[in-house]
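Chemist: Please put together the full structure from these sequences, using the hints given.
First to last, the sequence lines map onto chains A and B. Residue numbers for the first sequence, in my numbering: 1 to 484. Residue numbers for the second sequence, in my numbering: 1 to 349.
Rather than coming from a laboratory, the hints here were simulated on the basis of the structure. Please note: incorrect hints may appear among the correct ones.
As the list claims (entries may be wrong) - Over 10 Å on every C-beta distance to chain A, these chain B residues come out as not near it, computed from the model:
(1) 37
(2) 55
(3) 102
(4) 162
(5) 185
(6) 205
(7) 218
(8) 219
(9) 263
(10) 273
(11) 340
Stated by the list, open to error - Below 25 Å or equal to it, Euclidean Cα-Cα: the simulated SDA-like pairs (lysine to any residue) are:
(12) 199(B) to 126(A)
(13) 215(A) to 79(B)
(14) 96(A) to 120(A)
(15) 199(B) to 123(A)
(16) 156(A) to 235(B)
(17) 219(A) to 181(B)
(18) 215(A) to 180(B)
(19) 219(A) to 236(B)
(20) 156(A) to 255(B)
(21) 79(B) to 97(B)
(22) 180(B) to 162(A)
(23) 176(B) to 255(B)
(24) 215(A) to 314(A)
As the list claims (entries may be wrong) - Simulated restraints on C-beta separations:
(25) 340(B) to 460(A): 15 to 23 Å
(26) 356(A) to 86(B): 36 to 44 Å
(27) 292(A) to 86(B): 22 to 30 Å
(28) 244(B) to 99(A): 35 to 43 Å
This one's a predicted model, so the numbers in the text were calculated from it and none came from an experiment. For glycine and all other residues, C-beta sits at the position ideal for the given N, C-alpha and C.
Listed below, chain by chain, are the residues.
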Amino acid sequence: MSRALVTELLRANLPARSLITDPKALKPYETDGLTAIRELPWLVALPETVQQVEAVVRICRSHGVPIVARGAGTGLSGGARPHKDGIVLGLSKLNKILEVDVDNCVARVQPGVRNQAISDASAKHGLYYAPDPSSQIACSIGGNVAENSGGVHCLKYGLTVHNVVGLEVLTVDGNFLELGGKGLDSPGYDLLALLSGSEGMLGIVTEVTVRLLPKPPEKRVILAAFHEVKAAADVVGNIIGHGLIPAGLEMMDRLAIEAAEDYVHAGYPREAAAILLCELDGIEAEVESNVTFVLRLLEDGGAYDVRVAVEPEEQALFWLGRKAAFPAMGRISPDYYCMDGTIPRTRLSEVLESIEQLSRHYGLRVANVFHAGDGNLHPLILYDANQPGQLERTEEMGGKILELCVAVGGSVTGEHGVGVEKLDQMCSQFSAAELDQFHRLKEAFDPELLLNPGKAIPSLSRCSEIGGMHIHGGKLPFPHIERF
Amino acid sequence: MHGDSDQQDRLVEAVAEAYEEQLPLQIVGSGSKVFLTEPTTPDSRVDPGKLLSIAEHSGVVEYRPEELVITARAGTTLKELEQQLAREGQMLPFEPPRFSGAGTLGGAVASGLSGPGRPWYGALRDAVLGVEMINGRGEFLRFGGQVMKNVAGYDVSRLQAGAFGSLGVLLSASIKTLPKPVAELSCIFELEAGAALAKLRAWAQLPLPITATCYVDNQLRVRLSGAESAVLWAVDQIEGDVINAEAFWSQLRNHDIDFFRKEGKLWRMSLPPSTPLTDEPTMIEWSGALRWVYSEKALFDWAGQQGGYALPFNGDYSTQSFLWSDQELHKRIKRAFDPAEILNPCRVC
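Modeler: As C-alpha cells, this is what we get:
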C-alpha cells in the first residue's frame, strides 16, 4: 500500500476540507471517549455525501487500507481508536435530518446526526426518539447503532436495536444494503439486529430510520435514600418483580452521591449509603397510581428519605446529579476508569459486596453508578495515572469486576461495547468455538478484515496467551484467582 | 407434552455426524409451521435431509419472574411455556402464533413471527436475550445471556430469529418476559377501511395504551392495556364501544379467524403504516404496518414500491429468496455458520 497514492486518490474524490493529514489537526482523532488508549491515524476523511463515503471505501478496499468508522467519538471502549496503518472515516459531516415522517412516526437521518437532535426535530409533533445515552447531546446516531447504545430510559423503551427500524449500510465490497424501512419487519436474516452493536466491523451505516414515540404527557421522578446499599438493591428487584417497569431506575452509592453533590448541588442526601432515582411516566392517572405504589415499596424497603419531583425543574435537578456523576469523579480523583458490566438484578447486592472487597484488596476507591433496573453496573474505579503502577492495578481490578459479572451470569459490557478495552474479558465470556464463529461471521461481510480490524472480538491466540477462556458448564475461569 | 428432557448431547452428536458425512438435516419441532417454508413444488435437486427432531429436547431450564427472563429448551411447547408464565402473572410479549394450537419455542424463534401486539410490545427478536445452539459444524455455542443489556460480540442470538434453522439448531433460548397488564379492555368501531386507517394513524401519535389493533370485515378492534386508570382514560379518548374481545385477540394471534379461511392467495405485507389501501380484501394489523391481502396478482413489486415487502402466506415460499436484499451476502452468512449447507437446506435455499 502506498500512502501517497491513496492520499492522492482520496484528494481527487473529496473536497480538500474533507481530508486531514496534518499531524496537529489529526490529534483530536487519536482517541475516542476512552482516552487512556491513543493512536495517531495517518489520515482522517470527513466525507460530506454518501457518494464520497462510497469513494473512500472503494479506494481503501482496492488498496487494502483499514477503515475505522467514527461518529462523534464519544464511545467509551476505544471502538473508534485509529488503526496505525489505516484511515479514520469520520461521518460527522453527514448530519442531515432527511425526513421527520409524522404519518409513519419515524425519522430518516444521516449517521452523523446527534441523538438529541432527532428528539429536538420531532418535538413539535409531540414525538421523540427514546434511547438517551448520557452523551446524547454529542453522540451521533450512527455511533449509537454501532454500539447498540442504551441510556437511562432503556429499561422501559429498549436499546437502540429496539428503536431503529431501517438502516442503509455500505458494505466493504461497495454494496448498499437496505435493511428494514418504515415498516416493522424485513425479509431474510435479521441483519438489522446483527448490525446493531457490531462496532463498525461489518459495514458503514450511511442512513438510519428510527421509530418516534409520542411524548408521555406526565412524569414524576422519585428520589429515595437508604442507610444500606443492600436495602436499595432489594427494592429495585421488588419494584420490577411487582410488574411495574419504570421509565428509569438508577442507583448511586455514597462516594458517587458525595462527588455529584459537590459538583452540581442536586440536593442529594450526603449521608445516604445509596440513593435510588425512579422515573415514572405515562398519562396522569396512571402515573399517580404508580407513584403511590412505588412509594409504598420504598417505605417497606427501608428508605428513610423519599422525595417526589413534580415540577420539571426539580426533576431535572434530581437527574442532574446522576448525569453529572462521571465528570464529578474528575473533581475527587485525577483519573477514573468506568466499567460497564451487566448482571442479573437479583445478584446486585452480592456483586456490590464483592466489588467492595476488590476495592479494599487493590487499595482503590470505587464509586458505583448504575442502571439498576436492568442490572447494568458502572463502577468507577478512581486512580491516579501519575502514581506508578496505579493504572495497571486499576485495569487488573476492572478486569476482575467484569469476570465477576460473567461468573454470576452477566456480560462484560451492557452498552459501551468491547472496542479494544474489553478484548481480554471477552476470552472469559466466550469459548474458542464461539469466538471462532464471530470471526467467521465477520469474514462473511469483510473477508479482508479492513473494517475496524482488531476490535470487539479477540483473536484466539490472544485468549490462549492470557490463559483464560471458557466459563461454560459452571467452570470458572482463572481458578487461581480468589473469588468473593 | 414431553416434559423435561435434555437431549443436547444426542443433538450435538447428530449434527456433528451429519457434518462429517455432509448429509442434510431437516430440523423440526412440532411441525406446525412447516407450511411457511415448504415449496409447493419441491425442488427435486435438493435433498430435504434426514429429520432432526428437537421436540424431545424440552423443559424450562430457569425461570426467575423478578428477572423477567425465562430460559427453556427449544422443544418446550409454547403452551407449556405460557402456562408457566401465566402462573406468575407474566407473558411472552411477542405473542407468537400457535398454528392449530401447536408450536415450540424453537419453532417460534426460528420463524420469527410476532403476534398482534408487535408494535407496542416489540417483536420476537426484541425479546431474544440469548441462545444455545449447534452450528453446522456440530459445535455447541452459546450467545447472549439472560441479561437485558449485552453488547459483547455480534448479536448472533437475534440473528437466529427468523433464520428458520438455517444457521444452527437451536437448543435453548432465554426470552424476556413481561408482567401481564393489570387491566385490559377492547373497543370496537364500525367503519370503512380508509377511515379505520386514518384513525389508527392519528392514535399512533398520541400516548395511548394501545397494545393491538385489527381491522377486518368493516370492524376495527382496539386493545387497551395497562393500569386500570390508563385504560379507562383511553376508552374515553378514543370514544369506542367497549366489547369483550379476549377470545378474538387469541384467535387472531393463532390465525384462527374466518379471514384466514377464505379461498384465494393470501399475502402478508409489512409496510410503512400509512401506506394507502388497495381494493382487494384486506385485514389490517399493527396500526397499519401489517396487511393481509387476498390477491391473485403477485404483490412483491407493489409492496416494494411502498417501502415494504410482501410474502405469499399460504403456499409457495420458494419465491422467498428473491426478496432478500443481498443474496450473496446471505449465502456467505449461511456458510459462516454452516459451511457444508446441511441445516434445513430446503428452508432457505
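Chemist: Next, verify each hint and record whether it holds.
Modeler: Hint-by-hint comparison with the structure:
no., hint, verdict
1, 37, "13 Å, holds"
2, 55, "25 Å, holds"
3, 102, "23 Å, holds"
4, 162, "6 Å, violated"
5, 185, "14 Å, holds"
6, 205, "6 Å, violated"
7, 218, "23 Å, holds"
8, 219, "23 Å, holds"
9, 263, "26 Å, holds"
10, 273, "6 Å, violated"
11, 340, "13 Å, holds"
12, 199(B) to 126(A), "17 Å, holds"
13, 215(A) to 79(B), "36 Å, violated"
14, 96(A) to 120(A), "13 Å, holds"
15, 199(B) to 123(A), "21 Å, holds"
16, 156(A) to 235(B), "23 Å, holds"
17, 219(A) to 181(B), "20 Å, holds"
18, 215(A) to 180(B), "23 Å, holds"
19, 219(A) to 236(B), "21 Å, holds"
20, 156(A) to 255(B), "29 Å, violated"
21, 79(B) to 97(B), "11 Å, holds"
22, 180(B) to 162(A), "20 Å, holds"
23, 176(B) to 255(B), "24 Å, holds"
24, 215(A) to 314(A), "19 Å, holds"
25, 340(B) to 460(A): 15 to 23 Å, "22 Å, holds"
26, 356(A) to 86(B): 36 to 44 Å, "40 Å, holds"
27, 292(A) to 86(B): 22 to 30 Å, "27 Å, holds"
28, 244(B) to 99(A): 35 to 43 Å, "41 Å, holds"
Of the numbered hints given earlier, the model fails hints 4, 6, 10, 13 and 20; all others are met.
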